[in-house]
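Asks: Protein chains in written order, with this note's numbering: chain Z, 1 to 383; chain Y, 384 to 508.
These aren't lab readings, by the way, just hints derived from the structure by calculation.
In this text the structure is predicted, and so the values were computed from the model without any measurement.
A virtual CB, placed ideally from N, CA and C, is assigned to each residue, including glycine.
Accuracy of the hints is not assured; some may be wrong.
So the derived label-pair ranges between C-beta atoms look like this [said to hold, decoys possible]:
#	chain 1	residue 1	chain 2	residue 2	range
1	Y	Asn410	Z	Glu99	36 to 46 angstroms
2	Z	Lys248	Y	Gly485	14 to 24 angstroms
3	Z	Gln297	Y	Pro505	11 to 21 angstroms
4	Z	Asp188	Y	Asp475	32 to 42 angstroms
5	Y	Ile495	Z	Asp104	53 to 63 angstroms
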Amino acid sequence: MGDNLRGKSAIVGVGHAGFGEAHGQTAYEIMAQSSLTALADAGLKLSDVDGLFCTMMEDSMPVVMAAEYLGITPRYIDGTMSGGSSFVNYLTSATMALEMGLCDVALICYGSNQRSASGKLVTASKLPPYEGLYSPRYPISGYALAAARHMHEYGTTRENLADVAVAARAWASHNPEAFMRDPLTREDVLASRMVSDPLTKLDCCLVTDGGGAIVLVRADRAKDFPNAPVYVLGSAAESSHRQISQMKDYTTTAARESGKRAFEIAGVTPKDIDVVELYDAFTINTVLFLEDLGFCQKGEGGAFVSDGNIAPGGGLAVNTNGGGLSCVHPGMYGIFTVIEAARQIRGDAPGIQLDGVELAVAHGNGGVLSSQVTAILGGASTV
Amino acid sequence: MGNPLGPDATFRDGLSKGQINLQQCGNCDQFIFFPRINCPHCGGTSLTWHPASGKGEVHTATTVRRRAEKGGDYNVSMIELAEGVRMMSRVDGIAPLDVKIGLAITAFAGEIDGIPAVLCKPAEG
Ligand SMILES: [Zn+2]
Numbered sequence: 001m002g003d004n005l006r007g008k009s010a011i012v013g014v015g016h017a018g019f020g021e022a023h024g025q026t027a028y029e030i031m032a033q034s035s036l037t038a039l040a041d042a043g044l045k046l047s048d049v050d051g052l053f054c055t056m057m058e059d060s061m062p063v064v065m066a067a068e069y070l071g072i073t074p075r076y077i078d079g080t081m082s083g084g085s086s087f088v089n090y091l092t093s094a095t096m097a098l099e100m101g102l103c104d105v106a107l108i109c110y111g112s113n114q115r116s117a118s119g120k121l122v123t124a125s126k127l128p129p130y131e132g133l134y135s136p137r138y139p140i141s142g143y144a145l146a147a148a149r150h151m152h153e154y155g156t157t158r159e160n161l162a163d164v165a166v167a168a169r170a171w172a173s174h175n176p177e178a179f180m181r182d183p184l185t186r187e188d189v190l191a192s193r194m195v196s197d198p199l200t201k202l203d204c205c206l207v208t209d210g211g212g213a214i215v216l217v218r219a220d221r222a223k224d225f226p227n228a229p230v231y232v233l234g235s236a237a238e239s240s241h242r243q244i245s246q247m248k249d250y251t252t253t254a255a256r257e258s259g260k261r262a263f264e265i266a267g268v269t270p271k272d273i274d275v276v277e278l279y280d281a282f283t284i285n286t287v288l289f290l291e292d293l294g295f296c297q298k299g300e301g302g303a304f305v306s307d308g309n310i311a312p313g314g315g316l317a318v319n320t321n322g323g324g325l326s327c328v329h330p331g332m333y334g335i336f337t338v339i340e341a342a343r344q345i346r347g348d349a350p351g352i353q354l355d356g357v358e359l360a361v362a363h364g365n366g367g368v369l370s371s372q373v374t375a376i377l378g379g380a381s382t383v
Numbered sequence: 384m385g386n387p388l389g390p391d392a393t394f395r396d397g398l399s400k401g402q403i404n405l406q407q408c409g410n411c412d413q414f415i416f417f418p419r420i421n422c423p424h425c426g427g428t429s430l431t432w433h434p435a436s437g438k439g440e441v442h443t444a445t446t447v448r449r450r451a452e453k454g455g456d457y458n459v460s461m462i463e464l465a466e467g468v469r470m471m472s473r474v475d476g477i478a479p480l481d482v483k484i485g486l487a488i489t490a491f492a493g494e495i496d497g498i499p500a501v502l503c504k505p506a507e508g
């Protein structure tokens, strides 16, 4: 069940561009700059790319637009749009395409000018047909409904959620690439403007510009590049609903299934993991995903994230770049979970570099807890 | 005779006439929402329409904060009807922050900005 893909591909280049505010730049410019940076990191050039994996917040055919922009004619493309999880999902399709010889150099890329284009941005996303009339604030109200239920069933508190934001900021404060680096306290989060109960403005991810890119090749040639390869040990997806009203259990996400399968394919368990990079669109995400991926029991996520346990020096290193809450969140954050995980394994993380990272989780989320994709990445000792 | 209405139009047509109708699967007997041509539980395609009881409770809820001059705060709830289906709705006739999980509600066919919609009020008694 996918385990014959274990370790078959490796990340040999990562790049990003336009973090924070990229005034005067288009989304495709930011995507392209990210791609050029990642290719330079890998010692490759645009003409080497024959597999392209991309989606954007605009256009109906973003992967085709991206190929045109980059001036390449890829022989394999994937533009599957599952929201922010798309870019973790592309690790699976890129690995398959590489392994089957459908391409030799896979480029996963993304860019957005969501912050500086604010007000002009037209998203492809329509309001769901059986929800739009009630004017939920999209997407925060969907996450608020899940958070309220988690609090009801398990006694999770606003203080617990606030501590997720505080931990993210603590990591970000050491990361020169992070957009928000000022000190943040639990009290700051609790006193922040309520947006959709129980979530405040500071329970929400940032709105920034930015882009990212990843270059993958088959594992058998991964050692021929300048950087230490980061192997894709396992990746798996599960899609459970699109509209929040169709979510069966508001306290359990499809990450339980995607995580279980990704760990099985990789042949490791949560206990083996050195660092966890999660899509933290809202503070409740971190709680839900740590539970569903098996880092703590269901219902215990609130206590697990509290009192510095996922902050620098805590029991588990989570979102070491500062995450979507404090580092960068240009419309979709998923690709940055992979980039930060890869850099931690390579040993060149921009903020706090942990010692001896060999195994990392990158977890993407799309929609309103709708699409979950988990990837396990590993260093040289894991293959 | 034209083509019969699809499930979506049938539901909205009922709502515009003051009725909340739900589909029930002839294969697994479960009620479903939103309206479909296939049962999402078992894949069955023999779905029949029945008037909803209107009885239910709030499964989870949020208060969307909005400036007073734009109309003030409002409730968005996920309601679970006695038939076992959940849908998004709004509970009226009670302050948004008082809409708690477990609150017993009565669902009714109302409208929002002139468009037929399932709305709720706290159950009496
Ligand atoms: Zn059925």
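Asks: Does each hint fit the structure? Answer for all of them.
Replies: Hint check results:
1. The given range of 36 to 46 angstroms is respected by Y:Asn410 and Z:Glu99, whose C-beta atoms sit roughly 41 angstroms from each other.
2. A beta carbon spacing of about 18 angstroms between Z:Lys248 and Y:Gly485 agrees with the range 14 to 24 angstroms that was offered as a hint.
3. Separated by about 35 angstroms at the C-beta atoms, Z:Gln297 and Y:Pro505 break the suggested range of 11 to 21 angstroms.
4. About 34 angstroms separates the C-beta atoms of Z:Asp188 and Y:Asp475, a value consistent with the hinted range of 32 to 42 angstroms.
5. Between Y:Ile495 and Z:Asp104, the C-beta spacing of about 54 angstroms keeps the proposed range 53 to 63 angstroms intact.
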